[in-house]
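Engineer: Full structure from sequences and hints, please.
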Amino acid sequence: MERFRFYGSGLPGVKLDELRGKLIVVEGTDGVGRSTQVALLRQWLEQRGHAVFDTGLTRSALAGKGIKRAKEGNILNLLTFTLFYATDFADQLENQIIPALRAGFIVLTDRYIYSQIARAVVRGADEAWVRDIFGVAVVPTAIYYLKADLDHLIPRVAFTRGFDYWESGMDMRLGRDMFESFCRYQTRMLEIFDRMSSFYGFNEVDANGMVEEVFEKLQRRVRELLNHKNTAAAK
Amino acid sequence: MVKALPQLGAGRLIVVEGIDGSGKSTQLALLQRWLVNQGYPVRFSEWNSSALVKQITKRGKDRRILTATTFCLTHAADFADRTERDILPALRSGGMVLSDRYMYTAFARDVVRGVEPNYVRQLYRFAIKPTLAFYYRVPLEVALGRILGGRNALKYYEAGMDLGLSDDIEESFRLFQRRILQQYELLSKEFGLMVIDATLSIEEQQAQMRAIVKPKLEGVKRLSKHGKVSLLR
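Heads up: the sequence lines are chains U and Y, in that order.
According to our numbering, numbering within the first sequence proceeds without interruption in unit steps and concludes at 235.
According to our numbering, numbering within the second sequence proceeds without interruption in unit steps and concludes at 233.
Treat the hints as calculated values from the structure; they're not laboratory data.
Facing chain U, according to a computed beta carbon distance under 10 Å, are these residues of chain Y, among others:
| # | residue |
| --- | --- |
| 1 | VAL53 |
| 2 | ARG59 |
| 3 | GLY60 |
| 4 | ILE65 |
| 5 | THR69 |
| 6 | CYS72 |
| 7 | PHE79 |
| 8 | GLU84 |
| 9 | ASN118 |
| 10 | GLN122 |
In this text, a Cβ means the ideal position worked out from N, Cα and C, and glycines have one as well.
Structural biologist: See below:
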């Protein structure tokens, strides 16, 4: 079994060799269809007999509500905002992800530290500082980056839930309206994701196609991962 | 930390540190009175006081769900919020900022809780370097006598109960404070903190503090000559 490690200084009191499960991260910019793919993946994994624990950002018992409230008022400054997300992340990591890994679950997360790093960096935070903060994170078993062009992202957002204040980076005043702002913001986010992709070793999945096509690709990659790991473990 | 931050104005940042019961808050309040009476613009900032972050910290404390890491991060968030909202603007406007506890508190407490010293230091990289950082050095028993004699109820995290040092809250507090004191002694050397002997009388300590602060006031613009204006606290 492959051993887990931390990106940086890690968490006090956590013994990594006790972790048995797998940590699978699905990343991607807003509107790429992450949550749909995560839901499909979960069903399929459970069908195969794996116990799956799924989680996402800003849902923690500690900071989830606080972040929601602060975002509603748009009152977060950059440093505070970054540390808020880091708190929330650490809370989920320690109280949900790590216990689930210890119990041998496949932990499936809709986004991980990378979206949080991107959101801070796009707003001008020092990248090394943000990476250090998230040095508490466990390095995932695999990071699937659903990658779609802006042209494909726009209609998905426009014809489903519509443009959202934060996803359009409205706090950054990038354009005259939400559409313009969304395009500029997401373009920058895609650039940051590309940079992170090589830095963190993302497994890129072409997400320009239809839901079923994307899922087939994702499924193939995950199957390879699980089969490979099983063989490795059997040796 | 944030790109393109303008350089600091002519402000001065004065911070006080020390274990609970060292008398640092009393000293800072007296210093504030003295500065305000001379007409200096003063902004006071206190550890763990940001309204925005307090809700989260309080929630975590009430439910006792804070770990060493989340404790460390929420306090850094509090510090960031106050830095961005209060400290930076006041300094850039050329005023005085008085801070009751500063990043050294995190360096002491979080490390005692088991967080990597380097992680905490990196986390606070955005902090503004104080003009003066006073450390109120006091023997453990003196501080404990002031605290345990006065207030009745120690709180869970305040007493370091989360460290599992002892089931008895007073004993836990004692052990926790001892470790924090050790950290402060190390920090005092590492960061060259200005040590004040906190066993001296309040008046003597205040006189020393004022003497050290006075030369640093040169060039700070006063709002009035007599300081009758009511100021922010």
